[in-house]
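If you want the building blocks of each chain, they are given just below.
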Amino acid sequence: GSGGFRKRKHDNFPHGQRKEEKENVNPSSALMTSFKSFQLELDTRHDKYERLVKLSRDITIESKRTIFLLHRFTSAPNGEEILNESEVKLDAVRRKIKQVAQELIGEDMYQFHRAISPGLQEYVEAVSFQYFIKTRSLISVEEINKQLIFTVENREETTNMTSNSHDKQPHTWSLKVTPVDYLLGVADLTGELMRLCISSVGNGDIDTPFELSQFLRQIYDGFTFIGNTGPYEVSKKLYTLKQSLAKVENACYTLKVRGSEIPKHMLADVFSTKTELIDQEEGLS
Amino acid sequence: MSVSDMFIALQGVLTADQDIREEIRKVVQALEQTAREILTLLQGVHQGAGFQDIPKKCQKAREHFGTVRTQLESLKTKFPADQYYRFHEHWRFVLQRLVFLAAFVVFLESETLVTREAVAEILGIEADREQGFHLDIEDYLSGVLTLASELARLAVNSVTAGDYSRPLRISTFINELDSGFRLLNLKNDSLRKRYDGLKYDVKKIEEVVYDLSIRGLNKEATGGVGGEK
Numbered sequence: 001g002s003g004g005f006r007k008r009k010h011d012n013f014p015h016g017q018r019k020e021e022k023e024n025v026n027p028s029s030a031l032m033t034s035f036k037s038f039q040l041e042l043d044t045r046h047d048k049y050e051r052l053v054k055l056s057r058d059i060t061i062e063s064k065r066t067i068f069l070l071h072r073f074t075s076a077p078n079g080e081e082i083l084n085e086s087e088v089k090l091d092a093v094r095r096k097i098k099q100v101a102q103e104l105i106g107e108d109m110y111q112f113h114r115a116i117s118p119g120l121q122e123y124v125e126a127v128s129f130q131y132f133i134k135t136r137s138l139i140s141v142e143e144i145n146k147q148l149i150f151t152v153e154n155r156e157e158t159t160n161m162t163s164n165s166h167d168k169q170p171h172t173w174s175l176k177v178t179p180v181d182y183l184l185g186v187a188d189l190t191g192e193l194m195r196l197c198i199s200s201v202g203n204g205d206i207d208t209p210f211e212l213s214q215f216l217r218q219i220y221d222g223f224t225f226i227g228n229t230g231p232y233e234v235s236k237k238l239y240t241l242k243q244s245l246a247k248v249e250n251a252c253y254t255l256k257v258r259g260s261e262i263p264k265h266m267l268a269d270v271f272s273t274k275t276e277l278i279d280q281e282e283g284l285s
Numbered sequence: 001m002s003v004s005d006m007f008i009a010l011q012g013v014l015t016a017d018q019d020i021r022e023e024i025r026k027v028v029q030a031l032e033q034t035a036r037e038i039l040t041l042l043q044g045v046h047q048g049a050g051f052q053d054i055p056k057k058c059q060k061a062r063e064h065f066g067t068v069r070t071q072l073e074s075l076k077t078k079f080p081a082d083q084y085y086r087f088h089e090h091w092r093f094v095l096q097r098l099v100f101l102a103a104f105v106v107f108l109e110s111e112t113l114v115t116r117e118a119v120a121e122i123l124g125i126e127a128d129r130e131q132g133f134h135l136d137i138e139d140y141l142s143g144v145l146t147l148a149s150e151l152a153r154l155a156v157n158s159v160t161a162g163d164y165s166r167p168l169r170i171s172t173f174i175n176e177l178d179s180g181f182r183l184l185n186l187k188n189d190s191l192r193k194r195y196d197g198l199k200y201d202v203k204k205i206e207e208v209v210y211d212l213s214i215r216g217l218n219k220e221a222t223g224g225v226g227g228e229k
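So the protein sequences, as listed, match chains A and B. Under the UniProt record's numbering, think of the first position of the first sequence as 1, with each following residue one higher. Under the UniProt record's numbering, think of the first position of the second sequence as 1, with each following residue one higher.
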């Protein structure tokens, strides 16, 4: 239909002519051959991206669950058990990260960074939360990365993951959490610490809130020191961080003011829970 | 390590990162300037008189690509070679534009689509990621899509300048390009958005060819090289 083009606007019309054109194009011309290879290249890239997005989502979910588990730590009497369980969960997360690292062997990590960044941030949050509960300090980015160096100890596990890259696998490979992912993860951590603070007040624990407010203040100072050197996302988190800090500081204020007003019989309760907690911590170290 | 020490270290890393970006931006600015110059040069072909000395214009444009090569050479030294995609956004736009310009020159010279390897060679970079600073496939394809809209414009202006055979050749070329792009499974990203514009270029060129055919102007020109019938 040579007169058909004017009706091209209507989507249903041009099919007849399109077919004709297609026949005019030689399917084995140089151009078509190169576009076929582009198709392959793009599909491979998109597939890898999708696999990484899926892994990242799994990492996010498992890390969130670990955080929920760790929130039970202060309220439950079996603290050590919970910590062990969280370690098991984090190991599972690290196995996922190992798969991510495997996908990225020989690739430029930043090419796929957008796919994996949310998962890594959540992992930083979980692992630093656990580290805080254990040691009452902030885990460093080096420490995190040290745990993300993988070796091929168990052969059978690696064979069924990716078969094509199997023969040229190096003996160790690693994934590095970028400074920005680390910072964003730590910023999220402060939200968890705020929740921990409020719930520990609820449990009658009057030491943890003060410890937490000091720790949060240090982190807040750190973030203000970085200020707008960092990327946009970091400065965005600063606002939430400030709110968390304010909540914790207010909780401490209330504890200080009302501390003298707590009736004697309740104080006994408060102190008994406190000593219990200290025992648990000693049991860990 | 105390919390404040950690943040001091991180701040150092971020500052270093910013310095690199600053350096990259400077070079990219120079590249954009060169790209504009080449574009101005090639824009001449749309003018009536410009059709006569296309080879000369291409020749001059190719000389300018020498500047591009040295500028890209200096861009390579501004950041670690294995972190290409970390800073990719900075030069993505200008690289796409340069691909378009190179593809335009090659089309004007030989009326073929420049290969990815050939563009890489014109720009003095690699076609393959493993070998260093390279041309990303999506950037190459984006540049080619820009060429398509430029050719739609060229088809119109050729007719105005009295060159009735060029639109027919452009039509064949664009149709082949369109079939090529239809082989690709594009994701819903910027490349896909630009590809969606290709059909309008195809349509425009078909309109020009139609106008020529109903007036019998295509036969007079070439005897139907790549014509519709």
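Mixed in with the good hints, there may be bad ones.
[As the list claims (entries may be wrong)] Simulated pairs of lysine to any residue, SDA-like, Cα-Cα distance not exceeding 20 Å: (1) A:LYS36 - B:ASP5; (2) B:LYS199 - B:VAL156; (3) B:LYS56 - B:ARG166; (4) A:LYS48 - B:ASP5; (5) B:LYS60 - B:GLN83; (6) A:LYS236 - B:GLN83; (7) B:LYS187 - A:ARG51; (8) A:LYS176 - B:THR115; (9) A:LYS36 - B:ALA30; (10) B:LYS187 - A:LYS236; (11) A:LYS48 - A:GLU107; (12) A:LYS176 - B:ASN188; (13) B:LYS193 - B:VAL156; (14) B:LYS187 - A:LYS242; (15) A:LYS146 - B:LYS56; (16) A:LYS36 - B:GLN83; (17) A:LYS176 - B:GLN83; (18) B:LYS193 - B:LEU217; (19) A:LYS242 - B:THR115; (20) A:LYS48 - B:SER149; (21) A:LYS146 - B:ILE137; (22) A:LYS176 - A:LYS36; (23) A:LYS36 - B:TYR84; (24) A:LYS54 - B:ASN188.
[Unchecked claim] Derived coverage of chain B by chain A (criterion: at least 3 residues anywhere in the stretch with Cβ under 8 Å from a Cβ of chain A; other residues may be distant): (25) 60 to 70; (26) 77 to 88; (27) 99 to 110; (28) 121 to 128.
[Said to hold, decoys possible] Some residues of chain B that are not near chain A, with every Cβ distance over 12 Å (derived): (29) SER2; (30) ASP136; (31) GLU138.
It is worth saying that the hints were derived from the structure and are not from the lab. Note that beta-carbon positions come from the ideal geometry of N, C-alpha and C, so glycine has one too.
Now for the hints, and whether the structure bears them out:
Between the alpha carbons of LYS36 (chain A) and ASP5 (chain B) the distance comes to roughly 53 Å, so the proposed pair goes past 20 Å and is violated. Straight-line distance between C-alpha atoms of LYS199 (chain B) and VAL156 (chain B) comes to about 16 Å, which keeps the hinted pair within the 20 Å bound. At roughly 18 Å between alpha-carbon atoms, LYS56 (chain B) and ARG166 (chain B) fall within 20 Å of each other, so this suggested pair holds. The straight-line distance between the Cα atoms of LYS48 (chain A) and ASP5 (chain B) is roughly 38 Å, outside the 20 Å bound, and the hint therefore fails.
Using a Cα cut-off of 20 Å, the hinted pair LYS60 (chain B) and GLN83 (chain B) is violated, with the two alpha carbons roughly 34 Å apart. Restraint check for LYS236 (chain A) and GLN83 (chain B): not satisfied, since their Cα atoms lie roughly 26 Å apart, outside the 20 Å limit. A C-alpha spacing of about 15 Å is found between LYS187 (chain B) and ARG51 (chain A), which places the hinted pair at or below 20 Å, so the restraint holds. Restraint check for LYS176 (chain A) and THR115 (chain B): the C-alpha separation of about 36 Å exceeds 20 Å, so the hint is violated.
For the suggested pair LYS36 (chain A) and ALA30 (chain B), the alpha carbons sit about 35 Å apart, so the restraint of at most 20 Å is broken. With a C-alpha separation of about 29 Å, the suggested pair LYS187 (chain B) and LYS236 (chain A) falls outside the 20 Å cut-off, and the hint is violated. A hinted pair counts as satisfied when its Cα atoms are at most 20 Å apart, and LYS48 (chain A) with GLU107 (chain A) qualifies at roughly 11 Å. Taking the CA atoms of LYS176 (chain A) and ASN188 (chain B), the gap is about 29 Å. The hint is violated against a cut of 20 Å.
Note on LYS193 (chain B) and VAL156 (chain B): the hinted pairing is violated, with a Cα-Cα distance of about 24 Å set against a maximum of 20 Å. With a CA separation close to 39 Å, the supplied pair LYS187 (chain B) and LYS242 (chain A) exceeds the 20 Å bound. Proximity of LYS146 (chain A) to LYS56 (chain B) is assessed by CA-CA distance (about 60 Å); at most 20 Å being required, the pair is judged violated. Using a Cα cut-off of 20 Å, the hinted pair LYS36 (chain A) and GLN83 (chain B) is violated, with the two alpha carbons roughly 28 Å apart.
Proximity of LYS176 (chain A) to GLN83 (chain B) is assessed by CA-CA distance (about 13 Å); at most 20 Å being required, the pair is judged to hold. Of the pairs offered as hints, the one joining LYS193 (chain B) and LEU217 (chain B) is violated, with about 35 Å between alpha carbons and a cut-off of 20 Å exceeded. Between the alpha carbons of LYS242 (chain A) and THR115 (chain B) the distance comes to roughly 54 Å, so the proposed pair goes past 20 Å and is violated. Between LYS48 (chain A) and SER149 (chain B) the alpha-carbon distance is near 32 Å, which puts this suggested pair outside the 20 Å criterion.
About 34 Å separates the Cα atoms of LYS146 (chain A) and ILE137 (chain B), which puts this hinted pair outside 20 Å; it is violated. Only pairs whose Cα atoms come within 20 Å are accepted, and LYS176 (chain A) paired with LYS36 (chain A) is rejected, the gap being roughly 35 Å. In summary, the hint linking LYS36 (chain A) to TYR84 (chain B) is not supported, as the alpha carbons are separated by about 26 Å, beyond the 20 Å threshold. Under the criterion of a C-alpha separation no larger than 20 Å, the hint pairing LYS54 (chain A) with ASN188 (chain B) is consistent with the structure, at around 18 Å.
Look at the region 60 to 70 of chain B against chain A: 0 of its residues bring a Cβ nearer than 8 Å to a Cβ of that chain, fewer than three, so the hint is violated. Look at the region 77 to 88 of chain B against chain A: 6 of its residues bring a Cβ nearer than 8 Å to a Cβ of that chain, three or more, so the hint holds. Note: the region 99 to 110 of chain B has 0 residues with beta-carbon separation from chain A under 8 Å; the three-residue rule is not met and the coverage is violated. Taking a C-beta to C-beta cut-off of 8 Å, the region 121 to 128 of chain B contributes 0 residues in contact with chain A, too few for the three needed, and the coverage statement is violated.
Not every CB of chain A is more than 12 Å from the CB of SER2 (chain B) (nearest about 8 Å), against its label as outside the interface. ASP136 (chain B), annotated as away from the interface, has a beta carbon of chain A within 12 Å; the closest lies near 9 Å. The beta carbon of GLU138 (chain B) is not kept farther than 12 Å from every beta carbon of chain A, the shortest such distance being approximately 8 Å.
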